[in-house]
Every structure is written in structure tokens, then in C-alpha cells.
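*Asks:* Single-letter residue listing:
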Amino acid sequence: MKIKNTLLLLSLILVTGCATIMTGVRQKIIFNSYPGRAAVLIDEVEVGKTPFQIKLSRNRNYQVMIKLEGYKAYEVTLKRKFNAWYIGNIAFGGIIGLVIDPLTGAIYTLTPKEVNAELNGKTAFNRKKDNIYIDIALETDPGWKKVGQLEKGSAN
Amino acid sequence: MRITLSIVALFFMVSCSPKITSSFDTKHPALTAEDKVAFLDIPHKVPSGAKKTGTAKFGDTGFTTDCGFDSNLIKARKAARENGANIVKVVRKKKPDVWSSCYRLEIEFYFYDGDVSRLEQYQLQIK
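Top line first, the protein sequences correspond to chains C and F.
Positions 466 to 621 (the numbering used here) are the ones given, in order, by the first sequence.
Positions 6 to 132 (the numbering used here) are the ones given, in order, by the second sequence.
The reader is advised that the hints may include incorrect statements.
Result set (EDC-like, lysine to aspartate or glutamate): computed pairs, CA atoms no more than 20 Å apart in a straight line [claimed, not checked]:
| id | chain 1 | residue 1 | chain 2 | residue 2 |
| --- | --- | --- | --- | --- |
| 1 | C | LYS514 | C | GLU579 |
| 2 | C | LYS610 | F | ASP71 |
| 3 | F | LYS41 | C | GLU534 |
| 4 | C | LYS544 | F | ASP71 |
| 5 | F | LYS132 | C | GLU511 |
| 6 | F | LYS83 | C | GLU579 |
| 7 | F | LYS132 | C | GLU509 |
| 8 | F | LYS41 | C | GLU579 |
| 9 | F | LYS98 | F | ASP75 |
| 10 | C | LYS537 | C | ASP508 |
| 11 | F | LYS83 | C | GLU509 |
| 12 | C | LYS544 | F | ASP75 |
| 13 | F | LYS41 | F | ASP71 |
| 14 | F | LYS83 | C | GLU540 |
| 15 | C | LYS610 | F | ASP40 |
| 16 | C | LYS546 | C | GLU511 |
| 17 | C | LYS537 | F | ASP40 |
| 18 | C | LYS546 | F | ASP71 |
| 19 | F | LYS132 | C | GLU579 |
| 20 | F | LYS132 | C | ASP508 |
| 21 | F | LYS56 | F | ASP120 |
| 22 | F | LYS99 | F | ASP65 |
Simulated from the structure, these hints should not be mistaken for lab results.
Using the sequences and the hints, build the whole thing.
*Replies:* Okay, here's the thing in C-alpha cells:
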């Protein structure tokens, strides 16, 4: 029985790819953000809100944007990198796997595996009764329009 | 073993991206990431008034792996944005077959002075 199972596993490795068997053709990617409930866009398609996870094909790069109203959008590229399990094809003699893994995309692993976006505040301001509280942002956006200038006052 | 390693080395040395040839006759100012670009598949019609700005062809180098329909469209969208086009229209599509595991596409780029998000279009499948 043991021999039968070993032979079965060996033949499976020989006819498919090592990386395809060990890691699968899709990879789970986790998205978190602070604050939460931010929209997750993959290649400009909204797929969910944080916290969120999705299984993606390993065979291409993905452009990710995490957006929340009042905050600067967080952008990252999920890049496909070499999956070390592919070397298993050479080690175990799975010649077919050398072809199968690139075709299924299992030759790659997507990085980062987890996206943790800390969203930086933009220029949100709150009005409370007669006062206006302004958050100051050090980075400017080319799309902003200048509407005023603070002037140096006397220290009275 | 030596032959196997040589094949693997060759695989990594050769580009895995599809063969892309593009040409633009009219260059509009580049679009921003906020500007929408519509994907029009074969059944979708180009709106009247849209101006053709260029063309592109997506082929297979023989070692291409990232050449699915969506992957090619995303690459076409990047080219469209850089050249100020907001419509990517697929005019010819060859599905993967015995000869190639890639989608081979012929694309036309258009600039439409209207809201492209309202056009009937192809939606990318994220999976």
C-alpha cells in the first residue's frame, strides 16, 4: 500500500509540475488597511473592501490601489517572482513539470502576499460650531487648486 | 541534467512578455490614472465621433507566458493612457490553440470626447 501511494505520488510529480502540486495555480492575497472599509481595486476593478482576501492567478502582475474618501490612495504592485518549488522539477526529474509549471503560472509566486495599507490623511477638515479644524498635509497633489496662503502673524 | 539546466536558463533569458507592436498617428496629452479607459470587445461598437489614434498587435514570441486576454488588454490600456486614447477596441482576436497558448490580438485606439464609462464594454475578470 505504501509503495502504491509512493508510486502514485511520484507519477503525479512526473506528469504535472512540482510547483503546481505544492503551491497551486492561484495564490491567496490578504488586504488590510487602517482605517478599515477602504475599497480594494485590482487593475482598476473594485473587488472588495478591507479587510479582504482573494485568490489570484500567479501568472501575471497586478496593480493594486486601496482607496478611502478623505485619504491619499495607497498603491502597490503585486509582482510575480520565481517560485522555488519549480526547482523541485529538476531535483525530482519531473521534466514535464518544467513545461507544466510555466503554463499554469505556478512557476511564479506573487509578492507581497499581504498588503497592509496605512492610509495617510489628506486635507480633511471638520467644522465644530464656529471653529474650523484643519489637518495639514505636507505632500501636495498636482490636482489641488490653491485657494489661500497662511501669513506669518505676530506672536501676541 | 546539463541539457535541462540549459533549457531552464534559456527560458529565463528569453522574454516572457507578448510581442507588442504599436503605432500612434495622433498623440493626445497623456491621461491620468483617474481617467477611465473603456475596453471594447469585438461585439462592442465604437461610438460615433470617436477619433482613431493608433493601432497595436499582440503576438507570441514562443516563450510568452503573460499573454491572456485580460493581461494583453491591461498592457494596451497602459499604452492608450500614455498616448491620450481612452478607448481600446479589439478588432481581431485569436484564441489560444495548438500553435500558441496566447491570445493574439489586433487593437485600435480611439479618443472619445465623452464619458467612456457609459459605453457598453468588456469588464476585466479579476481571479
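*Asks:* If a hint holds in the structure, say so; if it doesn't, say that too.
*Replies:* Consistency of the hints with the structure:
| no. | hint | verdict |
| --- | --- | --- |
| 1 | C:LYS514 with C:GLU579 | holds, 15 Å |
| 2 | C:LYS610 with F:ASP71 | violated, 41 Å |
| 3 | F:LYS41 with C:GLU534 | holds, 19 Å |
| 4 | C:LYS544 with F:ASP71 | holds, 12 Å |
| 5 | F:LYS132 with C:GLU511 | holds, 12 Å |
| 6 | F:LYS83 with C:GLU579 | violated, 25 Å |
| 7 | F:LYS132 with C:GLU509 | holds, 13 Å |
| 8 | F:LYS41 with C:GLU579 | violated, 27 Å |
| 9 | F:LYS98 with F:ASP75 | holds, 12 Å |
| 10 | C:LYS537 with C:ASP508 | holds, 18 Å |
| 11 | F:LYS83 with C:GLU509 | holds, 12 Å |
| 12 | C:LYS544 with F:ASP75 | holds, 16 Å |
| 13 | F:LYS41 with F:ASP71 | violated, 24 Å |
| 14 | F:LYS83 with C:GLU540 | holds, 16 Å |
| 15 | C:LYS610 with F:ASP40 | holds, 18 Å |
| 16 | C:LYS546 with C:GLU511 | violated, 24 Å |
| 17 | C:LYS537 with F:ASP40 | holds, 17 Å |
| 18 | C:LYS546 with F:ASP71 | holds, 13 Å |
| 19 | F:LYS132 with C:GLU579 | holds, 16 Å |
| 20 | F:LYS132 with C:ASP508 | holds, 11 Å |
| 21 | F:LYS56 with F:ASP120 | holds, 14 Å |
| 22 | F:LYS99 with F:ASP65 | holds, 11 Å |
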